[in-house]
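J.: Here's the letter readout for the chains.
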Amino acid sequence: MSDPIHPAASILVEPEVDASSTPLQANGNPRPFLELRGISKSFAQGKQQLQVMENISLTVHEGEFVSVIGPSGSGKSTLLQMIGGVMLPDQGDIILQNQRINGLQGKAGYMPQQPALLPWRTIEKNVILARETAGMPRQESLALARNWLDKVGLGGFARAYPRTLSGGMQQRVAFLRALLGPQSLLCLDEPFSALDAFTRSEMQAWLLRIWEENRRSVVFITHHIEEALLLSDTIYVLSSRPAHVIQKVPVPFPRPRREELVDTPEFIALRRQLTEALRAELNG
Amino acid sequence: MSIRAWWKGIWPPFGAVVLLLVLWQLATSLFQIEDWILPSPARIAQEAEKSYTSLLGHTWATLKLTLSGFGIGAATGLIVAGVLHYIPFLRRALYPLLILSQNIPLIALGPLLIIWFGFGLLSKLIVIVLVCFFPITVAALGGLAGTDRVMMNYMQMIGATRGQIFWKLELPYSLPAVFSGLKIAATYSIMGAIIAEWISSSEGLGYYMLLQQSAFRTDRMFVAIMIVIAFSLIMFSLIVLLEKWCIRWQNDSTAHPKGGIDRV
Ligand SMILES: Nc1ncnc2c1ncn2[C@@H]1O[C@H](COP(=O)(O)OP(=O)(O)OP(=O)(O)O)[C@@H](O)[C@H]1O
Ligand SMILES: [Mg+2]
Numbered sequence: 001m002s003d004p005i006h007p008a009a010s011i012l013v014e015p016e017v018d019a020s021s022t023p024l025q026a027n028g029n030p031r032p033f034l035e036l037r038g039i040s041k042s043f044a045q046g047k048q049q050l051q052v053m054e055n056i057s058l059t060v061h062e063g064e065f066v067s068v069i070g071p072s073g074s075g076k077s078t079l080l081q082m083i084g085g086v087m088l089p090d091q092g093d094i095i096l097q098n099q100r101i102n103g104l105q106g107k108a109g110y111m112p113q114q115p116a117l118l119p120w121r122t123i124e125k126n127v128i129l130a131r132e133t134a135g136m137p138r139q140e141s142l143a144l145a146r147n148w149l150d151k152v153g154l155g156g157f158a159r160a161y162p163r164t165l166s167g168g169m170q171q172r173v174a175f176l177r178a179l180l181g182p183q184s185l186l187c188l189d190e191p192f193s194a195l196d197a198f199t200r201s202e203m204q205a206w207l208l209r210i211w212e213e214n215r216r217s218v219v220f221i222t223h224h225i226e227e228a229l230l231l232s233d234t235i236y237v238l239s240s241r242p243a244h245v246i247q248k249v250p251v252p253f254p255r256p257r258r259e260e261l262v263d264t265p266e267f268i269a270l271r272r273q274l275t276e277a278l279r280a281e282l283n284g
Numbered sequence: 285m286s287i288r289a290w291w292k293g294i295w296p297p298f299g300a301v302v303l304l305l306v307l308w309q310l311a312t313s314l315f316q317i318e319d320w321i322l323p324s325p326a327r328i329a330q331e332a333e334k335s336y337t338s339l340l341g342h343t344w345a346t347l348k349l350t351l352s353g354f355g356i357g358a359a360t361g362l363i364v365a366g367v368l369h370y371i372p373f374l375r376r377a378l379y380p381l382l383i384l385s386q387n388i389p390l391i392a393l394g395p396l397l398i399i400w401f402g403f404g405l406l407s408k409l410i411v412i413v414l415v416c417f418f419p420i421t422v423a424a425l426g427g428l429a430g431t432d433r434v435m436m437n438y439m440q441m442i443g444a445t446r447g448q449i450f451w452k453l454e455l456p457y458s459l460p461a462v463f464s465g466l467k468i469a470a471t472y473s474i475m476g477a478i479i480a481e482w483i484s485s486s487e488g489l490g491y492y493m494l495l496q497q498s499a500f501r502t503d504r505m506f507v508a509i510m511i512v513i514a515f516s517l518i519m520f521s522l523i524v525l526l527e528k529w530c531i532r533w534q535n536d537s538t539a540h541p542k543g544g545i546d547r548v
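Residue numbers (the numbering used here), protein chains in the order written: chain A, 1 to 284; chain B, 285 to 548.
A portion of the hints provided could be inaccurate.
What the hints assert, rightly or not - Some chain A residues judged to face chain B by a derived CB distance under 7 Å, without partners named:
hint: 1; residue: G84
hint: 2; residue: V86
hint: 3; residue: Q91
hint: 4; residue: Y110
hint: 5; residue: A116
hint: 6; residue: W120
hint: 7; residue: A130
hint: 8; residue: T133
hint: 9; residue: Y161
Rather than coming from a laboratory, the hints here were simulated on the basis of the structure.
As the structure is a prediction and not an experimental result, all values here were calculated from the model.
Every residue, glycine too, gets a C-beta built ideally from N, C-alpha and C.
Here chain A stands alone, though its shape is the one from the complex (with noise of 0.2 Å):
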């Protein structure tokens, strides 16, 4: 499977990460803040067995934006629903600040393609869901809400109930409400695919701003090289089914970064370099 990609001297290609080396890059921290370790999975699909990954391997440094891009169906959301502790691996481990937790739900923030805000839920209240079902105090974190929706400019709608906005205004709020939770990680699950083009950029700026301020560790799914190179640290490939890593590509670009970035020669050599992989991959 693993066909020959350019290996361009940024671009460090790893097909089997060892679990036991400790990554060197990343503002020198010692330890990941989440490290998945040779993660496999199948599942039953009649009487055959659907090897959805196997060996995938993956760190995320503290205050690290990572982006995970592949094929459709290679197993991008089922690797997050690990994460979050909804499905198990069959094989390997996720650690969390050096503590396993397979199988233990609750420690990342997550926010899905749809928006999935309670419609009978005022905006306000959406925002503190995950505050609140972790037993935070609420009027605490109800004006912590309002303070965020004033800072993003949706203070007016507060008190509205979620239908009442655009698909964009609903992934805005879904964004604060992951970002105001006490998980210190977030999952992201190709937040921006539903959205039209234009939204979608938008939304793009908006996140790249917000996180920029508000430092997070972060995985990021997405089909859309652009947004990954925009916003990430660091993008894994994924190969096609079976899913494994078949490239961890580190962004170089500084921050604070502006859109204008993809345009500059750099962005459009390294977008092309990954739109290549993906293409090798897809045509197998």
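Put chain B with the ligands on the given structure of chain A with help from the hints.
T.: Just chain B with the ligands, lined up with the frame of chain A:
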């Protein structure tokens, strides 16, 4: 919604009822139908005015019976739904039986209940509880099981407990279904009360109807029927109002830009 929009929705059925009453009135005088077969609307109205006082007591008795039966039935129905939802094994075992039991005319159990529980209040209450319990349980179970998968997954991912998922997600999500169950049960409970009173009673509208039947006072029977209908409509409307209030997050004007009456 505006009064005009409301009126626009309400006048066609209202007009139809008025037209029907006029035709009825004309038919009875035109074909000279005897009062004991079909009294005219005017005759029924007269009779209503006359027997008003003696009917009050019966109406009150039926009202009490219906409401207590409905209350107990609804509460049991909701609790049973909650328990079955919580214990999947029980649900798998009993859900098919619940569905089957929907096809059994539970009213037919009335005479049997009298053997077991006597002619008192208990047998009547049991009839009503039985008839409203099932539709509510089945509706609530359906609603609880239909919870949006994405929202459910979200709640699990952020570590919500089983109880939190129930109170914060599943229960509110099932409310529209619960209310459709409640509406069905409300009509059933009135029907159940009348039939229970036919079978065993010394008061109530059902008893009154039997009494008048033996005297061929068709007009009085019609008065009782009218009360039952009014009663049924009022109960239904109250539940609809409660529903609107509980599900107000989807009920404001922008949802129906053209106004008009709701499709139930
Ligand atoms: N609970 C499950 N039971 C059986 N098969 C599953 C289950 N969840 C996922 N799969 C299968 O696993 C594979 C990977 O699914 P997954 O949703 O993780 O892919 P993905 O990379 O997120 O795809 P996409 O980019 O389209 O969202 C798919 O073939 C899917 O059918
Ligand atoms: Mg997916």
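J.: Next, verify each hint and record whether it holds.
T.: Comparing the hints with the structure gives:
A hinted interface residue such as G84(A) counts as satisfied when its beta carbon comes closer than 7 Å to some beta carbon of chain B; here the least separation is about 4 Å, so the hint holds. Because the beta carbon of V86(A) sits about 5 Å from the nearest beta carbon in chain B, less than 7 Å, this interface hint is met. The restraint placing Q91(A) at the interface with chain B is violated, with a minimum CB-CB distance near 22 Å, outside the 7 Å limit. A distance limit of 7 Å between C-beta atoms decides the matter here; for Y110(A) the minimum to chain B is near 4 Å, and the interface restraint holds.
Of the supplied interface hints, the one on A116(A) holds, with its beta-carbon coming within about 5 Å of a beta-carbon of chain B, less than 7 Å. At a threshold of 7 Å, the smallest CB-CB gap from W120(A) to chain B is about 4 Å, leaving the interface hint in force. Checking A130(A) against chain B: minimum C-beta separation of about 5 Å stays under 7 Å; hint holds. The criterion of a C-beta within 7 Å of any C-beta in chain B is met by T133(A), whose closest approach is roughly 4 Å, and the hint holds.
Taken as an interface hint, Y161(A) checks out: its beta carbon lies about 5 Å from the nearest beta carbon of chain B, inside 7 Å.
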